[in-house]
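Undergrad: Taken in sequence, the protein lines are chains C and P. Under numbering that gives the first Met the number 0, the final residue of the first sequence carries the number 436; numbering is consecutive throughout. Under numbering that gives the first Met the number 0, the final residue of the second sequence carries the number 436; numbering is consecutive throughout.
These are computed hints drawn from the structure, not numbers from a lab. If a hint is listed, it holds; no wrong ones were tucked in.
The following residues of chain C were derived to be distant from chain P, with all beta-carbon distances above 10 angstroms: (1) Ala12; (2) Phe20; (3) Gly59; (4) Val80; (5) Phe93; (6) Asp115; (7) Asp125; (8) Arg130; (9) Ala191; (10) Arg281; (11) Gly334; (12) Thr373.
To spell it out: a stretch of chain C is covered by chain P in this simulated footprint if at least three of its residues, at any positions, have a beta carbon under 8 angstroms from a beta carbon of chain P; those stretches are: (13) 25-35; (14) 285-298; (15) 379-390; (16) 417-426.
Glycine included, each C-beta is placed from N, C-alpha and C at the ideal position.
Listed below, chain by chain, are the residues.
Protein chains: 2
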Amino acid sequence: MSAAAVARRRRSADELEIVAFERGDHTSYAACGLPYYVADLVGAAERLVARSPDQHRAHGIDVRTRHEVVGIDLDQRCVTVRDLDADADHAEPFDHLLVATGATPVRPALPGVDADGVHGIQSLADGMSLRADLDDHPHERAVVVGGGYIGLEMAEAMKLRGLDVALVEMAEQPMATLDPDMGALVADALRATGVDLHLGETVEGFEVEGGRVRAVATSAGELAADLVVLGLGVRPRSGLAAEAGIVVGPSGGIATDRQMATSEAGVWAAGDCVETYHRVSRRPVAIALGTHANKQGRVVGLNVTGGYATFPGVIGTAITKVCEFEIARTGLGEGEARRAGFEPVVARIEASTRAHYYPGANPITVKVVAERGTGRLLGGQIIGREGAAKRVDVLAAAIWNEMPAEEFSQLDLGYAPPFSPVLDPVLIAARKVADSV
Amino acid sequence: MSAAAVARRRRSADELEIVAFERGDHTSYAACGLPYYVADLVGAAERLVARSPDQHRAHGIDVRTRHEVVGIDLDQRCVTVRDLDADADHAEPFDHLLVATGATPVRPALPGVDADGVHGIQSLADGMSLRADLDDHPHERAVVVGGGYIGLEMAEAMKLRGLDVALVEMAEQPMATLDPDMGALVADALRATGVDLHLGETVEGFEVEGGRVRAVATSAGELAADLVVLGLGVRPRSGLAAEAGIVVGPSGGIATDRQMATSEAGVWAAGDCVETYHRVSRRPVAIALGTHANKQGRVVGLNVTGGYATFPGVIGTAITKVCEFEIARTGLGEGEARRAGFEPVVARIEASTRAHYYPGANPITVKVVAERGTGRLLGGQIIGREGAAKRVDVLAAAIWNEMPAEEFSQLDLGYAPPFSPVLDPVLIAARKVADSV
Numbered sequence: 000m001s002a003a004a005v006a007r008r009r010r011s012a013d014e015l016e017i018v019a020f021e022r023g024d025h026t027s028y029a030a031c032g033l034p035y036y037v038a039d040l041v042g043a044a045e046r047l048v049a050r051s052p053d054q055h056r057a058h059g060i061d062v063r064t065r066h067e068v069v070g071i072d073l074d075q076r077c078v079t080v081r082d083l084d085a086d087a088d089h090a091e092p093f094d095h096l097l098v099a100t101g102a103t104p105v106r107p108a109l110p111g112v113d114a115d116g117v118h119g120i121q122s123l124a125d126g127m128s129l130r131a132d133l134d135d136h137p138h139e140r141a142v143v144v145g146g147g148y149i150g151l152e153m154a155e156a157m158k159l160r161g162l163d164v165a166l167v168e169m170a171e172q173p174m175a176t177l178d179p180d181m182g183a184l185v186a187d188a189l190r191a192t193g194v195d196l197h198l199g200e201t202v203e204g205f206e207v208e209g210g211r212v213r214a215v216a217t218s219a220g221e222l223a224a225d226l227v228v229l230g231l232g233v234r235p236r237s238g239l240a241a242e243a244g245i246v247v248g249p250s251g252g253i254a255t256d257r258q259m260a261t262s263e264a265g266v267w268a269a270g271d272c273v274e275t276y277h278r279v280s281r282r283p284v285a286i287a288l289g290t291h292a293n294k295q296g297r298v299v300g301l302n303v304t305g306g307y308a309t310f311p312g313v314i315g316t317a318i319t320k321v322c323e324f325e326i327a328r329t330g331l332g333e334g335e336a337r338r339a340g341f342e343p344v345v346a347r348i349e350a351s352t353r354a355h356y357y358p359g360a361n362p363i364t365v366k367v368v369a370e371r372g373t374g375r376l377l378g379g380q381i382i383g384r385e386g387a388a389k390r391v392d393v394l395a396a397a398i399w400n401e402m403p404a405e406e407f408s409q410l411d412l413g414y415a416p417p418f419s420p421v422l423d424p425v426l427i428a429a430r431k432v433a434d435s436v
Numbered sequence: 000m001s002a003a004a005v006a007r008r009r010r011s012a013d014e015l016e017i018v019a020f021e022r023g024d025h026t027s028y029a030a031c032g033l034p035y036y037v038a039d040l041v042g043a044a045e046r047l048v049a050r051s052p053d054q055h056r057a058h059g060i061d062v063r064t065r066h067e068v069v070g071i072d073l074d075q076r077c078v079t080v081r082d083l084d085a086d087a088d089h090a091e092p093f094d095h096l097l098v099a100t101g102a103t104p105v106r107p108a109l110p111g112v113d114a115d116g117v118h119g120i121q122s123l124a125d126g127m128s129l130r131a132d133l134d135d136h137p138h139e140r141a142v143v144v145g146g147g148y149i150g151l152e153m154a155e156a157m158k159l160r161g162l163d164v165a166l167v168e169m170a171e172q173p174m175a176t177l178d179p180d181m182g183a184l185v186a187d188a189l190r191a192t193g194v195d196l197h198l199g200e201t202v203e204g205f206e207v208e209g210g211r212v213r214a215v216a217t218s219a220g221e222l223a224a225d226l227v228v229l230g231l232g233v234r235p236r237s238g239l240a241a242e243a244g245i246v247v248g249p250s251g252g253i254a255t256d257r258q259m260a261t262s263e264a265g266v267w268a269a270g271d272c273v274e275t276y277h278r279v280s281r282r283p284v285a286i287a288l289g290t291h292a293n294k295q296g297r298v299v300g301l302n303v304t305g306g307y308a309t310f311p312g313v314i315g316t317a318i319t320k321v322c323e324f325e326i327a328r329t330g331l332g333e334g335e336a337r338r339a340g341f342e343p344v345v346a347r348i349e350a351s352t353r354a355h356y357y358p359g360a361n362p363i364t365v366k367v368v369a370e371r372g373t374g375r376l377l378g379g380q381i382i383g384r385e386g387a388a389k390r391v392d393v394l395a396a397a398i399w400n401e402m403p404a405e406e407f408s409q410l411d412l413g414y415a416p417p418f419s420p421v422l423d424p425v426l427i428a429a430r431k432v433a434d435s436v
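Please construct the entire structure, taking both the sequences and the accompanying hints into account.
TA: In structure tokens form, the structure reads like this:
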């Protein structure tokens, strides 16, 4: 819908007809906000909707909800659209096609996975269903499956709803995208918030009673559960494109050039269904994140209307919060750097978010990864409390610009006691790594 | 003392004797923390002291407090030191000399300026004296003279101590280093916190009764005052160096090369007494800030012990907080950019510190300045509430790296609803300016 909105601003309805097919009921909603809606930090689901179908229509975009595109015919330049209510198909021609099919949540085919009380959390409908379950029934204990971003955010949401929370993660650490030493700190943080953490355990199925889940069976035993949230992440939903012969890349996402054009002329792709270029590893990656989707959509909206815009790729920045803890990463971790062919040098420091004497100064741990020899910054990871995680942005800017740690350590960052120690924690970390490259 | 500590870590007492002369009683204290000590956010003055004279001595640094250096003899390679208690001078020889004489607070020679109740706020002794005045006497109304960083911080401190606060500023806006449109927002913020703001008024003297101040006379009338705080900023204390023939630059600070060497062999300078290179305007500037002093001290400590280190200059980043408002700037403002020979293009946006639906989302205003044609980012200014100002750091990193606004607007910054809207406010501002360069 970002692409549609940008294109509409640049071309009137006389010049360009814009039709959007959506198989669900909603458009332009903040999927990233679902955990906070479930937690009741956001009161009404409508608050997550940036623009409803009717609002888009008022802007001259012909949104057709409950219409699913089930086929793309590149020779005939048309898509096959199924009206889900009428259960009827029709062909819709196009000059330009944007594939923005998003992502599919990982949902293991385990016994009991379809029982009442087992919730995915990808669509607004998922969120509404989970929240209704919480609102309508008294629950005591939730099991969250998956220790990535969405798993952690849902663990927080269940805590905020007053439930006891267990979290099961197959790996030996939560947040597999962090280095193990930083992952261990996340595990400590989760335990400190009262989450019953089960690392290195595989979910084998769900015990069901009267149609409703009552426990999660793992490789280590059984966890009682009134409610289960599957937070196992997502994969690019690229099947429709692949069936039409549009090239899908090694990450599983639709391959595009930097203008977001696919392998087929006049066919564009954007959002969670594509793969993008990782500027540090130089490898294609599929990262489902609203901020990338939004930027990519704008690029398509400009390019289909005769403009020129490119999406420059990503560096893997991510940030999350679980209760009072904040976690962030950017660039490559130590292991990722090695796998990308770098020889990494690392430093990890503990500092304070504010001047040590200023009220509310919180401990913060910063790890940075640099390239041996050049000292080029390759990655950064942060864990701490209020005021910690958004410091990842300045590391992201440095990594984007391929700054050496030595130069970065001298950067002129904002200093005043309510905001930072004399040397910001990110500068202290960069100084330490610069001294050992 | 940063220089001394770094040098001591690199050279044993057998190899290098280190003597530090300090005319006051304290070493290594956080002058930036004085407003928070006065406000009683910091309980004891000792909390501001990073390392006492005795602690330095324990690390092999011969600190001599209440000893003032009153002359530098470059031919004889010695300094004249006055023992303030004994009132006796002696000559102390040196191989290397570091001039770290700091800054002098601006103190206008106005009638009544020396009355009881008129306080400067530069040294720890100043802070202790002001706090004692507040602790020991009931006061109702404070007048703060000066609307820069220290003036605003002291206005907050006086509010926190429960006083009515008036602030007098000669310019038509507070925070003269901000563009007028952003300065007007700061004025609104100050008024919103209940500060009685007097812009465009000059202080002409102080009314004194029984030896104690009772009012401030300005060009527009009289302001009752139980207490006056002079927050007029500081100038480099470069007189001692100048008298010895060491070159002082156009900004009034001691001129150094990038290794912090002065015009005289074996004589170094660092901290508030020096001028430094502004990387965007390419002009020498004197900016008194602990974070620069600390970095410069380290550079000297390395260079005097046979290492090699440089201080790369500054870009004018500054940040402050007054009650619930946060204010920050980096690079050049619109007028500063024009005066430096750039043709500036500007954009100002209002956005939100978090996803609009997330609790605690605060309004934030971001202004960016870019160069016409190239789109190179030249400056950024921010005002908002909690979570606003530290965003200046990512702008600082971008300006340092001479990023074009277009590229910056696509940067991969941390996005999650508790931390940012889908596009961070700084990205929205960069996008807007990129569209008009």
